Every structure is written in C-alpha cells, then in structure tokens.
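Enquirer: Each protein sequence line maps, in turn, to chains A and B. Position 196 (the first sequence) corresponds to 196 in my numbering; numbering is contiguous. Position 114 (the second sequence) corresponds to 114 in my numbering; numbering is contiguous.
I should point out that these hints are in silico values taken from the structure, not numbers from a laboratory. In this text the structure is predicted, and so the values were computed from the model without any measurement. A portion of the hints provided could be inaccurate.
Looking from chain A toward chain B, a few residues come up when the C-beta cut is under 10 Å (computed) [to be verified]:
no., residue
1, Glu64
2, Ile79
3, Ile82
4, Leu115
5, Asn118
6, Asp121
7, Asn126
8, Gln129
9, Gln137
10, Phe139
11, Leu142
Beta carbons: idealized from backbone N, C-alpha and C, even for Gly.
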Amino acid sequence: MRVGEVPVYIVPGPIVIVQTLVRDWGTLYPSLVVTVLITLGALTAATVLGVAIAVLFAQSKWIEQSFFPYAVILQVTPIVAIAPLIIIWVRDTATALLICAWIVAFFPIVSNTTLGLNSTDHNLLNLLQLYGASRRQVFWYLRMPSAAPYFLGGLRISGGLALIGAVVAEFVAGSGGIQSGLAYRILEAGYQLQIPRMFAALFMITGTGILIFVVLTLVNHFALRRWHESAVRREG
Amino acid sequence: MREAQALVALRGVDKVYSNGVVALQGLDLAIREGEFVSLLGPSGCGKSTALRLIAGLGDLTRGAIDWADHLSSSARRDIGFVFQDATLMPWATVFNNIYLPLRVRGTPRAEAAPRVERAMEQVGLAGSGKAYPRELSGGMRMRVSIARALVAGPKILLMDEPFAALDEITRFRLNDDLLQLWASQRWTVVFVTHSVFESVYLSTRILVMGARPGRVTAEVPVAVRSPRDPTFRTSNAYAEQCRTVSARLAEAMQP
C-alpha cells in the first residue's frame with residue numbers, strides 16, 4: 001500500500017528505505033566510516049588550527065586586521081567551486097577531502113574564539129594588571145576561560161559544516177570518478193536509478209549530522225553548566 | 001609635617017583623556033597611613049580617575065604620584081582594589097576568585113588555602129568556597145570582591161563606589177562590616193563615593209571634589225569617635241557632619 005500511489009523511483013517509503021539500509025549495509029557502512037573519519041578529522045584540524053589562529057589574532061589588533069580578511073575569503077568562496085582544484089592539486093584523495101571540509105569548518109571557530117578572547121571583562125584585565133600579572137597569566141587565567149562559551153558555540157556550528165564540507169567534496173570527487181564516502185554511494189545509486197539506496201545513504205548522512213550536533217551540545221552543556229547563563233537552568 | 005607622613009600623595013596631577021576630556025586638573029591630595037579617606041563628589045568629577053591613577057592604572061598627563069620612601073616598588077603592588085560591581089570570574093568558584101591575586105604571585109594552592117579561608121571568614125563568607133558567583137546575591141558577590149582585595153594583605157585598599165549598586169539594607173550591613181574590619185586591621189582605605197551619608201559614616205577624612213576640571217575643593221575631617229556603630233547613624237553628631245559635608249558638596253558643584 002502506498003499513499004497516493006507514488007512510485008518507489010520517485011519517493012520510496014520508509015519501509016523500503018530501511019530494507020535497503022539493511023540489505024546494502026555491507027557497502028553503505030564502510031562508506032559511512034570514510035565520511036565520518038573525514039568529518040572528524042576536519043573538525044579536529046579546524047579546532048586546533050582555528051584556536052591557534054584565534055590566539056594569534058588576539059595578540060594584536062594589527063595581526064587580526066591583517067589576516068582576518070584571508071579567513072573571510074576562504075569562508076565566502078563556495079567550496080564546490082574550489083574543491084575540484086584542491087582535488088587536482090592534492091594527490092591523496094582523503095587529504096584533499098579533509099582540506100575541503102576543513103576550509104568550511106574552521107571559520108566559525110576562528111571568528112567566535114577571536115571574539116571570545118577579546119571579550120574579557122576590562123575590569124578583570126585591570127585587576128590582573130594591578131597584581132602585576134604576566135601576559136601569559138592574563139591569557140590562561142582570564143582570556144581562555146572567557147572565550148570558552150564563544151568557542152563552544154563556534155564548534156557546534158563547525159561540526160555540522162565539517163560534515164557538509166566532507167559530503168560536498170566527496171560529490172565533486174565522485175563526479176570526477178573518484179570513489180569515496182557516502183556521497184559517492186548517492187551518486188552511484190543515482191546513476192543506477194537505485195532511488196531507495198540514495199535515500200538510505202541520505203538518511204545516514206542526516207543521522208550523522210544530528211549525532212554530531214547532539215554530542216557537541218552535550219559537551220557545551222557539561223562544560224558550562226555551572227556558570228554560563230546559556231547552560232544554567234533558569235529559576236522559575 | 002603632614003606631607004612627611006603621607007603614604008601616597010598626588011601632586012599637581014592632570015589627567016586628559018585621549019578624547020580631550022580633562023578629567024583632573026591640578027589635583028593635590030595626600031593619604032596618610034591608617035586613614036579612611038573618602039573622595040566625595042558628583043559624577044564626572046574625576047574621583048574614580050584619581051583612584052585608578054593611584055592604583056597605577058593609566059598614565060598621568062602631568063604631575064606626580066609619590067609613595068612613602070619606606071615602600072619598595074614591590075610593596076606598591078600591595079594594593080587591594082574593589083570596583084563598583086563585584087567583577088568576579090563567573091567560571092571560577094568563590095575560592096578560586098579569592099585565590100586569584102595569590103595565584104598570580106605564584107603562591108601554591110595548598111599554601112594559599114588557609115589565607116583564602118581566612119579572608120572568606122573575615123567578610124562572612126565561611127563555607128561558601130565552592131559556590132559560583134551567579135549563585136550568590138549582589139551583597140555576597142561584593143563580599144567575595146572585598147575578600148579578594150584583602151587576601152594578599154594589602155597596604156592600601158582602594159574602593160570605587162563599591163556599594164553603590166546595592167540595596168540600602170545590604171549597604172548598611174557591608175558598611176558596618178567594612179568598618180569593623182578596618183578597625184581591626186588598620187589598613188589605609190581610599191573610598192570613592194557620591195553619598196554624603198556613606199562618606200560621613202565611614203571616613204576619618206573626606207575630600208570633596210568638584211567637577212570639570214576635577215580637583216579637591218574642600219577637606220572635612222570627621223571628628224567623631226571611631227569605630228562607629230549603627231547608633232551613630234541616628235545621632236546628632238552624624239547629622240551635623242552630614243550637614244557640613246553637604247554644604248561643602250553644594251559649593252563644589254557651583255559653577
């Protein structure tokens with residue numbers, strides 16, 4: 001029984017999708033692992049490099065204003081447009097895809113963490129100056145903790161973006177005949193008119209994205225629950 | 001004679017901000033050891049600016065700040081500063097907030113713990129070490145802020161309208177607690193306020209400041225027994241002093 005008699009090759013029903021998921025698990029699961037690894041790799045690189053760059057930016061307004069435009073250029077250039085170049089330039093497919101996903105994921109972390117590092121309470125800064133604190137102490141005792149909520153907000157956005165970046169890059173690579181990840185499975189299924197399998201792969205990507213978001217939200221909550229307004233329950 | 005005893009003195013101090021505002025002009029004042037001095041004036045008279053300059057926050061445009069000879073330059077760091085709002089680190093517990101000045105000096109946590117505990121006891125916060133600032137009332141937060149200023153054993157305590165944002169009941173109680181602490185510890189206090197009543201209640205000497213440009217226009221010694229207790233608030237001597245200081249303040253505000 002199908003509602004409105006929509007044929008399976010237009011929109012497959014949920015039961016067909018689940019059946020396909022189970023039947024094709026052998027090919028879909030390894031592809032999922034590839035996509036997830038690229039996503040997590042890109043997110044890790046985005047976190048490490050993003051925070052490092054933000055720390056550099058926070059050292060002086062001059063550095064920030066000189067180099068921030070480059071971060072913006074990377075952010076606003078559509079990844080679909082530069083992915084083919086990166087795939088040509090970088091021989092190793094996994095590395096090329098990692099770079100693409102990283103480009104998409106790193107901006108929110110850089111931008112938010114920089115904002116956070118510069119948002120330290122001025123009177124607290126004055127107080128540390130009064131105590132004769134070193135730059136290093138000011139950084140570790142004040143700037144880093146006050147940047148934490150901003151960084152975690154950026155991380156939550158970047159988690160989803162890393163996945164999107166990975167999938168987009170896989171699509172670009174896939175249309176060039178390079179096999180990699182779930183996006184390639186979607187392309188392949190599309191060429192073969194295996195619509196249920198396309199949907200099955202799509203659901204896996206969406207599920208992964210939701211899972212990443214939930215995990216990062218939990219991290220955010222547990223890191224901030226004792227002190228930050230965003231994570232503390234409001235007294236009724 | 002008086003000059004010789006000054007713990008810290010500002011001489012002919014001008015402060016012009018980068019936007020051209022003349023905050024202070026020809027400010028002369030001397031703070032003696034063990035005094036409780038209030039800087040009283042309308043908003044914009046530069047009293048907070050003067051306090052920040054004593055603390056070493058910001059540069060003078062002209063003039064000098066002289067510290068007593070017996071103070072080494074490191075002893076000048078023995079300044080406790082309390083801002084108008086508590087200015088606590090929201091991510092840190094009460095204990096860690098009070099530990100901050102000692103942490104900056106490299107005092108190990110274990111060694112600092114008894115001093116932090118003592119400072120918490122002094123301001124009536126014993127046992128709240130594990131709480132976070134957001135879990136405390138405004139008055140309690142201010143107590144944390146005062147404990148942080150006291151923990152390193154400062155020579156001089158600078159307070160910038162510390163109780164202005166609190167309700168009257170809390171303010172009175174903190175006034176009394178502060179007076180009691182001052183009576184037992186005898187640090188030097190410079191207290192910025194715009195409240196005549198608060199300045200008379202607390203100080204041994206009041207410096208009235210006038211605005212634009214900021215300078216000291218009158219000096220009123222508060223010659224009543226100290227330390228004071230709540231009965232002082234309703235006494236004739238208190239009312240008389242408040243009347244005098246109000247008159248000086250009114251003169252200071254004349255163009």
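Enquirer: Confirm or reject each hint.
Expert: These are the hints, each one checked on the structure:
1. For Glu64(A), the shortest C-beta to C-beta distance to chain B is roughly 21 Å, which exceeds 10 Å, and the interface hint is violated.
2. At its closest, the beta carbon of Ile79(A) sits 35 Å from a beta carbon of chain B; the interface hint therefore is violated under the 10 Å criterion.
3. The beta carbon of Ile82(A) is not positioned within 10 Å of any beta carbon in chain B (closest approach about 39 Å), and the interface hint is therefore violated.
4. Residue-level restraint check for Leu115(A) is violated (minimum Cβ-Cβ distance to chain B is 17 Å; threshold 10 Å).
5. Of the supplied interface hints, the one on Asn118(A) is violated, with its beta-carbon coming no nearer than about 17 Å to a beta-carbon of chain B, more than 10 Å.
6. Interface hint at Asp121(A): satisfied, since its Cβ lies 6 Å from the closest Cβ of chain B, which is below the 10 Å cut-off.
7. Checking Asn126(A) against chain B: minimum C-beta separation of about 5 Å stays under 10 Å; hint holds.
8. For Gln129(A), the shortest C-beta to C-beta distance to chain B is roughly 6 Å, which falls under 10 Å, so the interface hint holds.
9. Hint status for Gln137(A): holds, given a least beta-carbon distance of 6 Å to chain B, under 10 Å.
10. At a threshold of 10 Å, the smallest CB-CB gap from Phe139(A) to chain B is about 12 Å, leaving the interface hint violated.
11. Restraint check, Leu142(A) versus chain B: the minimum CB separation of about 7 Å is within 10 Å; hint holds.
The earlier numbered hints that this structure contradicts are 1, 2, 3, 4, 5, 10.
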